[in-house]
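J.: Sequences listed follow chains A and B, in order.
Mapping of the first sequence onto my numbering: position 11 corresponds to residue 11, and the numbering continues sequentially without gaps.
Mapping of the second sequence onto my numbering: position 446 corresponds to residue 446, and the numbering continues sequentially without gaps.
Take the hints with a grain of salt, since some may be wrong.
Below 20 Å or equal to it, Euclidean Cα-Cα: the simulated DMTMM-like pairs (lysine to aspartate or glutamate) are [what the hints assert, rightly or not]:
1. A/K77 to A/D54
2. B/K441 to A/D42
3. B/K297 to B/E277
4. B/K281 to B/E261
5. B/K144 to B/E277
6. B/K250 to A/E45
7. B/K272 to A/D54
8. B/K441 to A/E43
9. B/K441 to A/E45
10. B/K272 to A/D110
11. B/K439 to A/E43
12. B/K571 to B/D499
Since the hints were derived computationally from the structure, they do not count as laboratory data.
Every value quoted in this text rests on a predicted model; they were computed, and no experiment measured them.
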Amino acid sequence: MQELIKYGKKIVKAGLAHSHFGNVSKRVGDQMLISTTGSMLDELEGQIVTVPVDPASPDELDVIASTEVNVHRVIYKATSALAILHGHSKYAVAMSMLYEPGKEQIVPEDTESIYVLHEIPVVRGGVGSDELARNAATALRDHKGIVVQGHGTFARGATVDEAYVILSSIEHACTVKYLVDNARRRISV
Amino acid sequence: MKAVYGWKNKILRIDLSKGEVDRFAPDASLLRGYIGGRGLGAKIVYDTGRVDALSPANLLVFAAGPLTGTTTPASGRVSLSTKSPLTGTIFDSNCGGSFGPELKKAGYDALIIAGKSQDPVFIEIEDDRVYVKPAEKLWGKNVKETTSLLKDKGSVACIGRAGEKQVLLAAIMSDAVHAFGRGGVGAVMGSKNLKAVVVKGTGHVDISDRAEFLKHKKSIDRLLIASPTISKGLSVFGTPFLMKITSGMKILPVANFQKAEPDIYLNPFFGKNIMEERSPKRRACYSCPIACKREDKEGNELPEYETIGLMSANIQNPDYSAVVEANRLCNDYGLDTISVAGVLGCYAEIRNKGISPAELLRFTRMIGEQEGIGEQLGWGAKLFSASEGCPEKSIQVKGLELPAYDPRGVKGLGFSYATSNRGGCHTRAYLVAPEILRKPKAIDPYTLAGKAGHTKIFQDRFAAVDSLVVCKFVFFGVGEEEYANILSAVTGVDYTSEDLMLVGERIWNVERVYNLREGFSKDDDTLPERFFEKKVNGRVIDREEFLKTRDEYYRMRGWAENGVPTKRTLKRLGVI
Ligand code: SF4
Numbered sequence: 001m002q003e004l005i006k007y008g009k010k011i012v013k014a015g016l017a018h019s020h021f022g023n024v025s026k027r028v029g030d031q032m033l034i035s036t037t038g039s040m041l042d043e044l045e046g047q048i049v050t051v052p053v054d055p056a057s058p059d060e061l062d063v064i065a066s067t068e069v070n071v072h073r074v075i076y077k078a079t080s081a082l083a084i085l086h087g088h089s090k091y092a093v094a095m096s097m098l099y100e101p102g103k104e105q106i107v108p109e110d111t112e113s114i115y116v117l118h119e120i121p122v123v124r125g126g127v128g129s130d131e132l133a134r135n136a137a138t139a140l141r142d143h144k145g146i147v148v149q150g151h152g153t154f155a156r157g158a159t160v161d162e163a164y165v166i167l168s169s170i171e172h173a174c175t176v177k178y179l180v181d182n183a184r185r186r187i188s189v
Numbered sequence: 001m002k003a004v005y006g007w008k009n010k011i012l013r014i015d016l017s018k019g020e021v022d023r024f025a026p027d028a029s030l031l032r033g034y035i036g037g038r039g040l041g042a043k044i045v046y047d048t049g050r051v052d053a054l055s056p057a058n059l060l061v062f063a064a065g066p067l068t069g070t071t072t073p074a075s076g077r078v079s080l081s082t083k084s085p086l087t088g089t090i091f092d093s094n095c096g097g098s099f100g101p102e103l104k105k106a107g108y109d110a111l112i113i114a115g116k117s118q119d120p121v122f123i124e125i126e127d128d129r130v131y132v133k134p135a136e137k138l139w140g141k142n143v144k145e146t147t148s149l150l151k152d153k154g155s156v157a158c159i160g161r162a163g164e165k166q167v168l169l170a171a172i173m174s175d176a177v178h179a180f181g182r183g184g185v186g187a188v189m190g191s192k193n194l195k196a197v198v199v200k201g202t203g204h205v206d207i208s209d210r211a212e213f214l215k216h217k218k219s220i221d222r223l224l225i226a227s228p229t230i231s232k233g234l235s236v237f238g239t240p241f242l243m244k245i246t247s248g249m250k251i252l253p254v255a256n257f258q259k260a261e262p263d264i265y266l267n268p269f270f271g272k273n274i275m276e277e278r279s280p281k282r283r284a285c286y287s288c289p290i291a292c293k294r295e296d297k298e299g300n301e302l303p304e305y306e307t308i309g310l311m312s313a314n315i316q317n318p319d320y321s322a323v324v325e326a327n328r329l330c331n332d333y334g335l336d337t338i339s340v341a342g343v344l345g346c347y348a349e350i351r352n353k354g355i356s357p358a359e360l361l362r363f364t365r366m367i368g369e370q371e372g373i374g375e376q377l378g379w380g381a382k383l384f385s386a387s388e389g390c391p392e393k394s395i396q397v398k399g400l401e402l403p404a405y406d407p408r409g410v411k412g413l414g415f416s417y418a419t420s421n422r423g424g425c426h427t428r429a430y431l432v433a434p435e436i437l438r439k440p441k442a443i444d445p446y447t448l449a450g451k452a453g454h455t456k457i458f459q460d461r462f463a464a465v466d467s468l469v470v471c472k473f474v475f476f477g478v479g480e481e482e483y484a485n486i487l488s489a490v491t492g493v494d495y496t497s498e499d500l501m502l503v504g505e506r507i508w509n510v511e512r513v514y515n516l517r518e519g520f521s522k523d524d525d526t527l528p529e530r531f532f533e534k535k536v537n538g539r540v541i542d543r544e545e546f547l548k549t550r551d552e553y554y555r556m557r558g559w560a561e562n563g564v565p566t567k568r569t570l571k572r573l574g575v576i
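Just chain B, with the same shape it has in the complex (with noise of 0.2 Å):
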């Protein structure tokens, strides 16, 4: 057999309803022509056809990259596909801890989940030892003290009470504090049956070129110490630097995207002033030099930019400390924290009021336990917003939750939210980079001129990477050039950064398809309509503007009018 690298080059399969376990080889193209993790997740996805998201023909697939496992830097992190019930799209999460690199030694490129358990289980991984083993006893617990009981036995990802009751807002914890975030993928997990997967592995990488793979690794560490967004913001501050600066840029959400100025105190909330009040310390991800995570003296994982600036002046909360102990209450639950913040911006501005510090925790909780108005609250912003009689005070695309960023003051960012395969994400073309931290070039955050050739660049580029699967923190200093020889050192395939493009895009139009294919269409690629109506900061979008640079970036996608990828295109990328 010729030898792999990088890649193991076999998939685990589990199908919970028949308690059936298989291995299989995956044909060299789909790994080739994938890579891996969210690539490589979207086309097994695909492939499996139209599911209902929480049925047990929805399939949950962990998928680790040619890179994981290795020593690259930033490269533990694992994806995570699925069908998204909160959205209805195609979904993928990016999760860092150790569960990626532990399924890669364990022996796996990705865990393939499918069916429906009749009893709580969970599943245990070593290396070619495969065990589904009962759960009760684990039911009914939060992310925290699953994780202890079963850490002993490998990397833990797991669910908590939101996820076993199905709330669509739910996440899956690994490790206990790294979360595959955002569109209810906790809720597939728990429709499942399935409380946990825990994985070990004892074997290792094998890498084609070694002093190739070690040159490249040196020039990665090299770059990411020269650039100043993670030497002089992330590895100091951890990601809340942003708060100072989104928050000058007037772009921090306040009151559910209504304004631009705060009715609260900010500075409690800013990187420094945490670091002082803290002192936190450091934590990274397996494999990583940049080390961006902060946890308390008690070990509590301290809140990201995302979680604070949504629940801060978005719900017009003054308290930091409310901030931390609700970020603590969603890992436990395995809640996504964006969009717990989203609804309770919508609920708070539907019912007129801010939310305090109290209702911050007590709403937090309510909707972990499906409680009182929590049932509704756990809908999401788009369900609960059209069940209170006002949709328009959802502020989500496609049934996403919108981050941390108001899109009239950072349009091209905004443009993405729009057009994104996931809904309303900072993260699918990441344009923060350029339009907030000004690398690696400044573009001007105000204007959508140029934006559609951005974004779709952007889009593609971090579906490669997240593919690979490495952090997206680790390009605001290094290029993709610098990704692509150390995948051909680590895999012996060549790879340039133009072929890492070209995977981007396939996957990005795979992604599209399959969301047609599930009723969306070019009316589901646009914003909340108070993005369009309402200046903040003497800003808005420009409507006729938006439309005109979604025409050209549908025509630079090579898709029709109506936002369909064209027969050609879809050859040409190989999806058809």
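Just chain A, with the same shape it has in the complex (with noise of 0.2 Å):
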């Protein structure tokens, strides 16, 4: 608990998330903790509910969980993620809307980024729904991190650390990547 509670400050300081979005979960066994829904991800503190990871489990706190819930649920049933951090980042959601559809994936151009994230899949799907569930899970078995087109990102990770080392790379790799592109553009004018 604490360490979402932690982790949900650093996501806004960073300007990973506005304070209003965003959400961040913790698996433990078949359990997870996740943030509520209309919660201030730097204000956790009493915000986090205890819910079944199995999809087939609805339970009463779902009615007051994220409303992603369920998109957490997928991943965790598809990957080995033992910690889930959704993010509205800038770069991110901007790079994402730059590319056209067919183009799958935004390819890092900076080295620290091409070693950890390789390249990051942009998927597809409504806020919560079943579609983006199963785009994001699919995905995110062979990456630990995507963004939604124009919505967000999530990352995956073995701790909340992890997963937010892997929130904060996507960002990063994209302002960079973004700046690139920018310059490039430029030059080439």
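Once you've looked at the hints, go ahead and assemble the two chains, each given alone in its own frame, into the complex.
T.: Printed below as a string of structure tokens:
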């Protein structure tokens, strides 16, 4: 619980999500701790609930859990992740919108990001939808982080700390790529 | 004659003393300005002047709304207005089932019942045909039996033995399981020697613009599916999904609101557990896609959250089956479950004991039969505790027992109990949505800051919703904008969401002025002392902050410092 509270604060402080957006979770056996809907990521004290991981086992607390609770569930089911962080960072969202349909991934330019992330899949699906859950889970089987087109980022890890590294790396990779793409365009003009 | 859509433009009035039946067309401005349901009922009851609640002069006004009888999602409810014998305030009660749609299809926006019959009677309505018939053979029977004897004639609203005996906690039951609960409205019906009203309609409700109507209906349906409270909560578990949430927040009342930690194991009362143990069937009110009602294999209605919450930890009863049976008994006697549980909580505290499962059933029967201690318990918590010399042990506002949310942990909701026109009730502002379920936008339940404005807005909003008449639960997912759109499409009268808010504010002020005329004052806009004095889960309501919030609320309402609406406000709203 304390870890989620700590990293909720860090996510907002680093600009990886606005206070009112994003969500965080941590898997503990067949249960997960997840932030509540409408909570502020940098004020998560008392705003984390425990619900089952199994998507076939709905729980009363789903009502107040993050709207993305089912996306987290399907990712946990499909991967070995023990923590998932969801942010709405600016450059990642912008880059996902600049990509034409058909281009399914963002390829980082800087060596650190290439090393950590390889490439970043761009997936589609409405907020909290089954389509998003499916697409995100499939992409996260082979990658540590993804961007949902026009929406935000998902990162997974064996620990909350590891997921945070991925979440911030995605934004770093997208920022560098955006700047490089822009500079190249100017130079070629 | 100009075509009228949505409304029927006809009110049926029956005077049981004179044996007269008449029909009249309401003034167009009455329907436009009060819409129907609670608003129409409040205005009619207000215009009647001061009456004794159990005298023939008191009215029972069953009022539908312009959407009733259409296929608008969750519009199958109907409102009942009267003066409450329990609280002495103006009172409205809102009920599901199919009574409202049948009334509309029979051709009426409202049914006004005045006077008192010499002998027991029931009213039978089939379109234009209206009969007042002897009910000697029905008198003395409970709700289930009465309903099964009458149901071939139409939708039945009747009282059980509790209403006949004018128990102040009596409800009127519609189609046997839907309650016009709270406020002792069943006692008013009993005081008129009226056992039942049966209504059947063969007509339909005209819609002004069908294409627009279907468009807005579709958009409402889509929003309902998208709402997690509805799709992951109400539709899956029914209202008992709230048990796990409120107990987790430590706002489930325990031992008559004395503490936060229950002495009983709560798991059997949780929604998921009930699903697994009982595999209940889903049931819906007329034209409702949410279907939050649950019944067991024998067709018995399973209890709602409020009943479970107040008949478990609050009276220290560990047995869910006893709650199911007490709920069934309340439905059959025609008793309000919240008030029955509230007065039992008060009794338990006074006697310094819990209520065992067997006692829960025995006391419920005794209240229904007005037998032994049941007679005093049937007066409600306020009078019962006063008769025992300890008024501080009744957890009520304006005489109405509180619902199953401890106000120390949901302060806006608590403030809305205090300022409610019908007494301690959660449905007036329904701040359960933002403070507990975090919809449409989460607000901090642990502070009173900003709650004066929230309370006003939500009170006005739901006064309008109760006038449409639409179930409050849809507003977990849908805004008043969508209902203003569909109202315009049905009636052909252009309504915006701001118009609806203004109608709500008008209704709220009419109700307020009624209560002031009855002698209520600022001093009644308060909460039981223990909420200011005794901490539960480390929380208490700060009295100074509460009083400041109340002053701010009066200012926001355009009322004077003493809580009386100013002439300017009443003029602005067209009340005077
Ligand atoms: S949500 Fe429940 S109470 Fe409301 S109209 Fe639908 S079935 Fe009836």
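J.: None of the hints should be skipped; say for each whether it holds.
T.: Hint check:
1. At roughly 7 Å between alpha-carbon atoms, A/K77 and A/D54 fall within 20 Å of each other, so this suggested pair holds.
2. Proposed proximity of B/K441 and A/D42 is supported: the alpha carbons are some 17 Å apart, at most 20 Å.
3. Between B/K297 and B/E277 the alpha-carbon distance is near 12 Å, which keeps this suggested pair within the 20 Å criterion.
4. For the hint linking B/K281 to B/E261, the alpha-carbon distance of about 32 Å lies beyond 20 Å, and the restraint is violated.
5. About 25 Å separates the Cα atoms of B/K144 and B/E277, which puts this hinted pair outside 20 Å; it is violated.
6. Of the supplied pair hints, the one linking B/K250 and A/E45 holds, its CA atoms being roughly 15 Å apart against a limit of 20 Å.
7. Between B/K272 and A/D54 the CA atoms are separated by roughly 14 Å; this keeps the pair inside 20 Å, and the hint holds.
8. For the hint pairing B/K441 with A/E43, the CA-to-CA distance comes to about 16 Å; that is within 20 Å, so the pair holds.
9. Taking the CA atoms of B/K441 and A/E45, the gap is about 18 Å. The hint holds against a cut of 20 Å.
10. Restraint check for B/K272 and A/D110: the C-alpha separation of about 50 Å exceeds 20 Å, so the hint is violated.
11. The straight-line distance between the Cα atoms of B/K439 and A/E43 is roughly 18 Å, inside the 20 Å bound, and the hint therefore holds.
12. This hinted pair checks out: B/K571 and B/D499 have alpha carbons roughly 16 Å apart, not beyond 20 Å.
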